[in-house]
Structures are given as C-alpha cells and as structure tokens.
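Position 401 of the sequence shown, counted from 1, bears residue number 401 in the working numbering, the numbering being contiguous throughout.
In short, the hints are calculated from the structure, not lab data.
If you're wondering where the values come from, they're calculated on a predicted model, not measured in any experiment.
A few of these clues could be false.
What the hints assert, rightly or not - 16 Å max Cα-Cα, derived EDC-like pairs, lysine to aspartate or glutamate:
1. K30 with D183
2. K30 with E233
3. K302 with D320
4. K96 with E148
5. K229 with D32
6. K74 with D32
7. K302 with E197
8. K112 with D77
9. K112 with E66
10. K112 with D183
11. K30 with E253
12. K229 with D272
13. K112 with D67
14. K112 with D396
15. K377 with D50
16. K96 with E149
17. K302 with E223
18. K377 with E197
19. K30 with D180
20. K96 with E150
21. K302 with E327
22. K302 with E253
23. K30 with E177
24. K377 with D320
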Amino acid sequence: VAAAMAAERGPAMATCTAPVNIAVIKYWGKRDTDLILPINSSLSVTLHQDQLKTTTTAAASRDFTEDRLWLNGKEADVGHPRVQACLREVRRLARKRRGGGEDTAALSLSYKIHIASENNFPTAAGLASSAAGYACLVSALARLYGLEEELSEVARRGSGSACRSMFGGFVQWQRGERPDGTDSLALQVAPETHWPELRVLVLVVSGEKKPVGSTVGMQTSVETSPLLKHRAEVVVPERLAQMMRHIRDRDFEGFGQLAMRDSNQFHATCLDTFPPIFYLTDLSRHIIALAHRYNAHHGHTKVAYTFDAGPNAVIFALADTVAEFVEVVRRSFPPATNGDRFVRGLPVGSAALSPELVAAVVTEPVPGAVQYILHTKPGPGPQLVDDPSQHLLGADGLPRSRA
1 VAAAMAAERG PAMATCTAPV NIAVIKYWGK RDTDLILPIN SSLSVTLHQD QLKTTTTAAA
61 SRDFTEDRLW LNGKEADVGH PRVQACLREV RRLARKRRGG GEDTAALSLS YKIHIASENN
121 FPTAAGLASS AAGYACLVSA LARLYGLEEE LSEVARRGSG SACRSMFGGF VQWQRGERPD
181 GTDSLALQVA PETHWPELRV LVLVVSGEKK PVGSTVGMQT SVETSPLLKH RAEVVVPERL
241 AQMMRHIRDR DFEGFGQLAM RDSNQFHATC LDTFPPIFYL TDLSRHIIAL AHRYNAHHGH
301 TKVAYTFDAG PNAVIFALAD TVAEFVEVVR RSFPPATNGD RFVRGLPVGS AALSPELVAA
361 VVTEPVPGAV QYILHTKPGP GPQLVDDPSQ HLLGADGLPR SRA
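Kindly produce the complete structure, drawing on both the sequences and the hints.
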C-alpha cells in the first residue's frame with residue numbers, strides 16, 4: 001500500500017549510508033573478473049560513518065523515462081557494467097521474492113530508477129570509495145524494493161571490497177569455492193563494539209587519483225606475479241586464521257604486526273607485477289620508517305600501518321597512543337598552512353613529547369607532506385536514513401541543490 005500511495009505523491013524513495021572499510025589481510029586478484037570472485041579471502045575493519053561515509057538515494061517512478069545516476073552532484077554513466085550488474089541482481093532478487101507474480105502494492109520492477117550518491121571524503125584517493133559506494137547503492141536499492149536477504153553477494157558484483165562494507169566491525173570476505181560465486185560472501189567476524197579501544201588514523205598525503213586503477217592493476221598481477229600466486233595459496237590462509245585470533249583476543253601486538261606484514265607483502269606483489277606497479281611513494285616509505293622507529297623506541301607495537309592501492313597511510317593504534325603519535329606526525333610533517341584543520345574527525349588530546357622520543361623518532365621533518373589526519377574508529381554497517389529531508393533527490397526525482 002505504501003508504494004501505491006507514494007505513486008500519487010511522487011517517486012518511491014529510499015536513502016542509506018554505508019561505510020568505508022580497510023583491509024588488514026588484503027584482497028588483490030580475481031579468479032573470475034565478471035562475477036568478481038577473489039583468488040584469496042580477505043579481512044577488513046569497517047570505519048565509522050561519522051567520519052567517512054557514502055550517502056545514496058534511490059528513487060523509482062512511473063514518470064521516469066530512463067535510469068539516471070549522479071555522483072557527488074555530477075551526472076555519471078548509469079550504463080557502467082558494474083552499476084548495471086547491481087541493478088540487475090537486486091531486481092532479480094525482488095522478482096524471485098515475489099514469486100514471479102506482480103504484487104500490486106509492491107513497487108513495479110519496470111519503473112526506471114534515479115540514483116544520487118555523495119561521499120563526505122575524496123573519491124578514488126585510495127580511501128575505498130568504490131566499496132562504500134556500491135555497498136550503499138545495493139542497500140538503498142534493496143530498501144526501495146523491500147529486500148532483506150543476504151546482500152553482500154550483490155554488492156560484490158559492484159566492487160569486490162564492497163561486500164565487506166555490508167557489515168560493521170571486523171569482516172571476512174570468504175573466497176568461496178563455487179564457480180557461480182554463491183559462496184563468495186562477507187561474514188562479520190566481530191561487531192564494532194568488540195574492541196572499543198581500537199582507533200584509526202588516516203594520513204591523507206594526496207587526494208589524487210591512483211596511477212593504476214585497482215581493477216587493471218590486480219589482473220596484471222594475477223597474470224604476471226608468481227609471488228601473488230604463492231601469497232594467495234600459501235600465505236593468506238594461515239594469516240587469515242591468525243588475524244581472526246588476534247581480533248578475538250584483542251591482541252594489538254599480534255594484530256598490528258600482521259597488518260603491517262600483510263600490507264608490505266601486498267605491495268611486494270605489486271612490485272613483482274610486470275611491468276611493476278608503485279602505489280607507495282617516498283612519503284609512504286617515510287611514514288613506514290617513522291612507525292617502525294616509534295615502535296622501536298617504545299619497545300613494542302603501538303602503531304601499525306596499512307596501505308591500500310594508493311599512498312595514503314592508515315594507522316591502527318589503541319586510544320591511549322593516539323595523542324602522542326599524532327604529535328609525532330605533526331612534528332615529522334609540520335603542516336604548511338592548515339594548522340587548525342590538520343587533525344579532523346574524533347577529538348585528539350594534546351601530548352608532550354620527551355626529548356628522547358623526539359631525538360629517536362623525529363629525524364628529518366618534511367613540511368606540508370601530510371595534508372591532514374583523520375581520526376576515526378571501527379563502526380557499524382549500512383544505515384537507513386529515515387528523515388525525508390535527507391534524501392539527495394527531490395520530489396521531481398532530480399538532485400536537490402546542496403546549499
């Protein structure tokens with residue numbers, strides 16, 4: 001009835017938000033590029049949407065003449081194969097759920113659809129925008145069509161890592177064995193409440209697009225890197241089990257060391273790709289060295305870095321380390337101008353550094369190299385936005401002008 005009534009009042013509409021996730025056991029390489037099936041399982045931490053999120057509104061109406069898509073206010077190609085794959089899958093599930101018969105109260109599957117999506121962070125800067133974007137698209141479409149089933153498999157068809165953004169906390173994407181991909185899905189390992197002291201610092205060094213997109217990069221690696229094959233078959237299965245144990249035990253020492261090792265191995269497989277792919281920059285390597293000096297000074301693992309297919313560093317730490325390490329970063333990469341906007345997100349306390357720590361850890365400062373630090377923590381999966389004033393599309397089905 002709701003959908004039928006809505007038809008009188010303009011389009012049926014649903015808005016959701018979805019999170020970014022950061023892999024600590026990396027996904028790199030597909031065994032099926034069409035279904036997006038990975039060569040190995042992966043494990044990630046879902047970040048809190050107060051700091052990083054995608055918001056998507058999906059609307060359907062008998063009055064729409066074609067499917068349309070807007071990303072961050074600009075019209076984009078709704079015909080993109082991965083967008084189409086998600087649309088097709090959601091409509092297929094909706095049809096299956098209705099047993100093939102057209103439920104008069106339910107939204108007509110023949111209606112064209114308008115989608116608007118916005119990120120509150122830079123797109124394609126190595127901040128997993130595609131994961132949040134497709135998880136959000138699938139969540140909003142599912143809500144629009146009244147679906148409640150397992151949707152990570154649908155999100156996977158948009159972007160592999162998107163299946164992990166369908167859950168909060170700590171999430172495993174199971175590789176699966178079946179050729180049709182029905183067992184390649186995401187499972188929550190632990191909720192975000194499991195490890196309340198865990199914090200995440202994103203060191204944004206660049207808002208630039210990456211030199212080689214992940215899709216192309218990982219397939220070149222699959223075709224040319226013997227190290228990647230060894231990684232997928234031998235290394236990852238063992239590491240995955242270890243990482244799940246560290247998370248279960250809230251063992252930061254184990255978690256942090258393994259996250260760093262796995263990040264390094266992922267970037268080694270990029271270097272082993274032919275021609276080689278370089279996602280880490282001199283600055284990334286500078287941050288890696290800084291983390292190791294900091295941990296060595298303290299005699300144990302207090303911070304752990306991980307880098308995805310881009311130069312931005314993600315640093316894991318426990319809450320009681322954040323203030324001191326942020327000050328170390330501030331001294332190592334003195335902000336050029338935005339001193340007041342250098343730390344964003346969750347509040348960070350002030351910390352005094354001992355002369356010994358400064359001497360041991362802050363070697364040669366590189367002014368202005370880090371644009372800003374985003375302080376966040378693990379968070380929940382996709383959320384429904386109930387407030388109609390938050391829809392990104394107006395009653396005419398077009399993007400609202402964002403003041």
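Hints, one by one, checked against the model:
1. Restraint check: the Cα-Cα separation between K30 and D183 comes to about 15 Å, which is no more than 16 Å; the hinted pair holds.
2. Among the hinted pairs, K30 with E233 is consistent with the structure: their alpha-carbon atoms are about 13 Å apart, no more than 16 Å.
3. Between K302 and D320 the alpha-carbon distance is near 9 Å, which keeps this suggested pair within the 16 Å criterion.
4. Distance check on the hinted pair: K96 and E148 sit about 13 Å apart at the alpha-carbon level, within 16 Å; holds.
5. Using a Cα cut-off of 16 Å, the hinted pair K229 and D32 holds, with the two alpha carbons roughly 15 Å apart.
6. In summary, the hint linking K74 to D32 is not supported, as the alpha carbons are separated by about 31 Å, beyond the 16 Å threshold.
7. Among the hinted pairs, K302 with E197 is consistent with the structure: their alpha-carbon atoms are about 13 Å apart, no more than 16 Å.
8. A hinted pair counts as satisfied when its Cα atoms are at most 16 Å apart, and K112 with D77 qualifies at roughly 15 Å.
9. Taken as a hint, the K112 and E66 pair is honoured in the structure, with Cα atoms around 5 Å apart against an allowance of 16 Å.
10. For the suggested pair K112 and D183, the alpha carbons sit about 31 Å apart, so the restraint of at most 16 Å is broken.
11. The straight-line distance between the Cα atoms of K30 and E253 is roughly 31 Å, outside the 16 Å bound, and the hint therefore fails.
12. At roughly 11 Å between alpha-carbon atoms, K229 and D272 fall within 16 Å of each other, so this suggested pair holds.
13. As the CA atoms of K112 and D67 are separated by approximately 5 Å, the hinted pair is consistent with the 16 Å bound.
14. A C-alpha spacing of about 13 Å is found between K112 and D396, which places the hinted pair at or below 16 Å, so the restraint holds.
15. Only pairs whose Cα atoms come within 16 Å are accepted, and K377 paired with D50 is accepted, the gap being roughly 9 Å.
16. Using a Cα cut-off of 16 Å, the hinted pair K96 and E149 holds, with the two alpha carbons roughly 12 Å apart.
17. A hinted pair counts as satisfied when its Cα atoms are at most 16 Å apart, and K302 with E223 does not qualify at roughly 37 Å.
18. Under the criterion of a C-alpha separation no larger than 16 Å, the hint pairing K377 with E197 is consistent with the structure, at around 9 Å.
19. The straight-line distance between the Cα atoms of K30 and D180 is roughly 13 Å, inside the 16 Å bound, and the hint therefore holds.
20. A C-alpha spacing of about 14 Å is found between K96 and E150, which places the hinted pair at or below 16 Å, so the restraint holds.
21. For the proposed pair K302 and E327, the alpha carbon gap of about 14 Å is at most 16 Å, so the pair holds.
22. Of the supplied pair hints, the one linking K302 and E253 holds, its CA atoms being roughly 7 Å apart against a limit of 16 Å.
23. In summary, the hint linking K30 to E177 is supported, as the alpha carbons are separated by about 13 Å, within the 16 Å threshold.
24. Of the supplied pair hints, the one linking K377 and D320 holds, its CA atoms being roughly 13 Å apart against a limit of 16 Å.
Hint violations for this structure: numbers 6, 10, 11, 17, all remaining hints satisfied.
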